[in-house]
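**Student:** If you want the building blocks of each chain, they are given just below.
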Amino acid sequence: MATITSKMLFSSKLFRVFGSKHSCHPLIAVRKAHFTYFPDTAKTEYGETSRMNLVQSLNSAMDIALGNDPTAVILGEDVAFGGVFRCTVGLKDKYGADRVFNSPLSEQGIVAFGIGLAVAGATAIAEIQFADYIFPAFDQITNEAAKFRYRTGNLFDCGKLTIRTPCGAVGHGALYHSQSPEAFFAHIAGMKVVIPRGPIQAKGLLLSCIREDNPCVMFEPKILYRSAIEEVPIGDYSIPLGKAEVLVEGSDVTMVGYGTQVHVLREVATMAKDTLGVSCEVIDLRTILPYDLDTIINSVVKTGRLIVSHEAPQTMGFAAEIATAVQEECFLNLEAPVQRVCGYDTPFAHVYEPFYLPDKWRLMEAVKKVTSF
Amino acid sequence: MLRRTIIGLSKQLQTLSSNNVKQCRGIHRTVGVHADEGDDLKEKPVYPGSKQLEFVNQLNFLNPDNEPAIPVYRVMDRKGRIVKHQGASEDPNLDKDTVIKMYHDMTLLNTMDKILYDSQRQGRISFYMTNFGEEGTHIGSAAALTKNDWIFGQYREAGVLMWRGFPLEAFMDQCYGNSGDGGLGKQMPVHYGSKELNFVTISSTLATQMPQAAGAAYAIKRSGKDACVICYFGEGAASEGDAHAAFNFAATLNCPIIFFCRNNHFAISTPSTEQYKGDGIASRGSGYGMMTVRVDGNDVFATYNATKAAREICVKESRPVLIEAMTYRLGHHSTSDDSSAYRSVDEVSYWDKQDTPIARLRHYMVNKGWWSEETEQKWKNESRMRVVKAFEKAEAKKKPSPDLLFTDVYKEMEPHILKQQQAMKAHVMNYKEHYPLDKFEKWKD
Numbered sequence: 352m353a354t355i356t357s358k359m360l361f362s363s364k365l366f367r368v369f370g371s372k373h374s375c376h377p378l379i380a381v382r383k384a385h386f387t388y389f390p391d392t393a394k395t396e397y398g399e400t401s402r403m404n405l406v407q408s409l410n411s412a413m414d415i416a417l418g419n420d421p422t423a424v425i426l427g428e429d430v431a432f433g434g435v436f437r438c439t440v441g442l443k444d445k446y447g448a449d450r451v452f453n454s455p456l457s458e459q460g461i462v463a464f465g466i467g468l469a470v471a472g473a474t475a476i477a478e479i480q481f482a483d484y485i486f487p488a489f490d491q492i493t494n495e496a497a498k499f500r501y502r503t504g505n506l507f508d509c510g511k512l513t514i515r516t517p518c519g520a521v522g523h524g525a526l527y528h529s530q531s532p533e534a535f536f537a538h539i540a541g542m543k544v545v546i547p548r549g550p551i552q553a554k555g556l557l558l559s560c561i562r563e564d565n566p567c568v569m570f571e572p573k574i575l576y577r578s579a580i581e582e583v584p585i586g587d588y589s590i591p592l593g594k595a596e597v598l599v600e601g602s603d604v605t606m607v608g609y610g611t612q613v614h615v616l617r618e619v620a621t622m623a624k625d626t627l628g629v630s631c632e633v634i635d636l637r638t639i640l641p642y643d644l645d646t647i648i649n650s651v652v653k654t655g656r657l658i659v660s661h662e663a664p665q666t667m668g669f670a671a672e673i674a675t676a677v678q679e680e681c682f683l684n685l686e687a688p689v690q691r692v693c694g695y696d697t698p699f700a701h702v703y704e705p706f707y708l709p710d711k712w713r714l715m716e717a718v719k720k721v722t723s724f
Numbered sequence: 006m007l008r009r010t011i012i013g014l015s016k017q018l019q020t021l022s023s024n025n026v027k028q029c030r031g032i033h034r035t036v037g038v039h040a041d042e043g044d045d046l047k048e049k050p051v052y053p054g055s056k057q058l059e060f061v062n063q064l065n066f067l068n069p070d071n072e073p074a075i076p077v078y079r080v081m082d083r084k085g086r087i088v089k090h091q092g093a094s095e096d097p098n099l100d101k102d103t104v105i106k107m108y109h110d111m112t113l114l115n116t117m118d119k120i121l122y123d124s125q126r127q128g129r130i131s132f133y134m135t136n137f138g139e140e141g142t143h144i145g146s147a148a149a150l151t152k153n154d155w156i157f158g159q160y161r162e163a164g165v166l167m168w169r170g171f172p173l174e175a176f177m178d179q180c181y182g183n184s185g186d187g188g189l190g191k192q193m194p195v196h197y198g199s200k201e202l203n204f205v206t207i208s209s210t211l212a213t214q215m216p217q218a219a220g221a222a223y224a225i226k227r228s229g230k231d232a233c234v235i236c237y238f239g240e241g242a243a244s245e246g247d248a249h250a251a252f253n254f255a256a257t258l259n260c261p262i263i264f265f266c267r268n269n270h271f272a273i274s275t276p277s278t279e280q281y282k283g284d285g286i287a288s289r290g291s292g293y294g295m296m297t298v299r300v301d302g303n304d305v306f307a308t309y310n311a312t313k314a315a316r317e318i319c320v321k322e323s324r325p326v327l328i329e330a331m332t333y334r335l336g337h338h339s340t341s342d343d344s345s346a347y348r349s350v351d352e353v354s355y356w357d358k359q360d361t362p363i364a365r366l367r368h369y370m371v372n373k374g375w376w377s378e379e380t381e382q383k384w385k386n387e388s389r390m391r392v393v394k395a396f397e398k399a400e401a402k403k404k405p406s407p408d409l410l411f412t413d414v415y416k417e418m419e420p421h422i423l424k425q426q427q428a429m430k431a432h433v434m435n436y437k438e439h440y441p442l443d444k445f446e447k448w449k450d
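As you go down the protein sequences, you meet chains A and B in turn.
For the first sequence, my numbering assigns the number 352 to the initial residue and increments by one for each residue that follows.
For the second sequence, my numbering assigns the number 6 to the initial residue and increments by one for each residue that follows.
There is no bait here: all hints are sound.
Heads up, simulated DSSO-like pairs for lysine-lysine below, C-alpha to C-alpha not over 27 Å straight-line: (1) B:K152 with B:K106; (2) A:K443 with B:K230; (3) A:K653 with B:K424; (4) A:K445 with B:K230; (5) B:K416 with B:K403; (6) A:K719 with A:K624; (7) A:K719 with A:K653; (8) B:K200 with B:K404; (9) B:K424 with A:K594; (10) B:K373 with B:K358; (11) B:K394 with B:K106; (12) B:K321 with A:K443; (13) B:K398 with B:K200; (14) B:K416 with A:K594.
Covered stretches of chain B, going by a simulated chain A footprint (3 or more residues, C-beta under 8 Å): (15) 181-190; (16) 201-211; (17) 215-226; (18) 247-259.
Quick look at which bits of chain A chain B covers, simulated, 3 or more residues with Cβ under 8 Å: (19) 448-456; (20) 470-478; (21) 490-501; (22) 505-515.
If you are wondering where the hints come from, they were derived from the structure by calculation, not from laboratory data.
The beta-carbon is built from N, C-alpha and C at its ideal position, and this holds for glycine as well.
When you get a sec, could you build the whole thing from the sequences and use the hints?
**Tutor:** In structure tokens:
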């Protein structure tokens, strides 16, 4: 259901005009971003590194996956020429047209075809061009992929299926190039849902997803595709699913987020320390389902205050799950009501994006609120 | 002069009207009517995305109403007599044992259907769907495949499993959701599956298996195995978007898959006349670039021949084939449906009396001297006994441990699910008298 608009926006011709010359996609880096990117440093045991953006690190992960596993294939709309975001560049030439191939324009077909590949024993890496267009495949994901092992009594499974899809705000993506639909998928027992915050993480998490014996959806914050650059290990490594990461240690407030929002939280932590003298602990959830509640609980027991933040709309967003669980587990430790700093309960509108996003100023206000409660 | 002009005009008119008639005959003939000879434009269309385009200089819509219907391929008539085509028959000449196995499996399925249908009426199982009238499509197609071929079904294809040797008790265990069920009692009755027999477990969601089957076929092709995939679906399911995706993906990605449509005229209460306006499902095949055939689904040999040939095309040419088997759903849609609310008893009775796949094959066997009233009676008693025996065994088994509610959500049990499993167990132990623990196997500690 990728719209005609998106086809026009991301046609290869347009891409050549706006893309390669400026080495960035037309949707990316046009206006000043609402966050400051905090690069990661790779663990030394991962070995030799190279400077990569998020697109290149994903490409590197898929290169390794295809290289190590002869059953692995990549399919999706426009992946053969390298993808509208260039994530699959060079892979068709390296591994063959039967392993990296374009599908007809049908999301339900892409996911189902991927399920079938996985059921028959192949490793399937399916791309949905924008997370906004994953909904035609919702039935295949929730009723089929997620339940395959369960309903067959483990006779069959599609654990070798990974779905990659660009998500999140990008400055001017409006309604159908900005969505963060992770909460819809967090309600699906049987799926794993992952969102990386940068290139090192993206590569390690994607390799985990691909090798994982459960179907995974990886939402990739597309605003980071080219703006997030760091030294990424060139070799094979993986980052475990289901584990959150404490990025900044603090004692007064716990802040939980994922994807691009982690960078907003890190900036807020610095601002809060500098201007309010408040010490914030920043946690990157990394995996939305199954999520690492223990790491959050340990932090909230220490700080007594929690702010959860995501770009997706507030009502029934994933923050609601975290807030409820923390309230159940940390009732006696909480010094203030849990705050949710999220997108508003509206569609994602074009020109109003700066007002819609849960930016650092809305988060600063939340920090003030929980510390003065 | 004037007269000459009039004659000339009328000739032109004649040519015009005959052109019109030709063009109105539709798709296959339109390509023959190109730009006029005197037309100095020798241009050819160069648009990408279609093969062998030609220009025409006259507006003509293709009218499906003027197209002949795709014919129904058959091998034997309603009396089980092999029909001839240009003096030759297409009798696959299967040996006696194979034909008798076909008949045994069709009738055994029929007997199992009757007993399980009744058992649902008595409240012993929660749900059932019979295969009445469609046994021929199952057995004919299954017999033409090898055991390496994978099967994706909808839910009314139990005969395929029967042919492959799925034991009667395994059918019953699944319907009872007891400890013998390979699916661990998680799905509704008739949602069978067998890893060993390459029969991918049924799910209720219609048509979802179709693009999955195409993906599986792609993987099987890449693995280099001499195998294909067959995917069954009803004519109602063919209206789903997933059917469109499946046909298109299979064709563009050259998947060795047989799409086998059981067109039994009803999707629950909806007759096929409200399901589509074209010439059934078969007419869609060529639109996707698929080899296509329509067969008499009540003719087990026609189904067999078509499937066997389709398998050859799939495996040798790596391309999909569509088979539409015309048949009639004799039974209710399911035990939750009373079909007399939307169709006449007379109509059902016609098919039941005049044309069933079982009766047709019996005629054939009798004609061959392979079957008699005596063998029929003997087999009826034996098959009934076998079904009843399996039924009683299945009914006596306990349901699996309640613990298994939590297994296989993920490959490993995730911590949050383990926690819920422990909480459930603690809760049930506290409120034992309110749960049917006696019907379930004990928790394994």
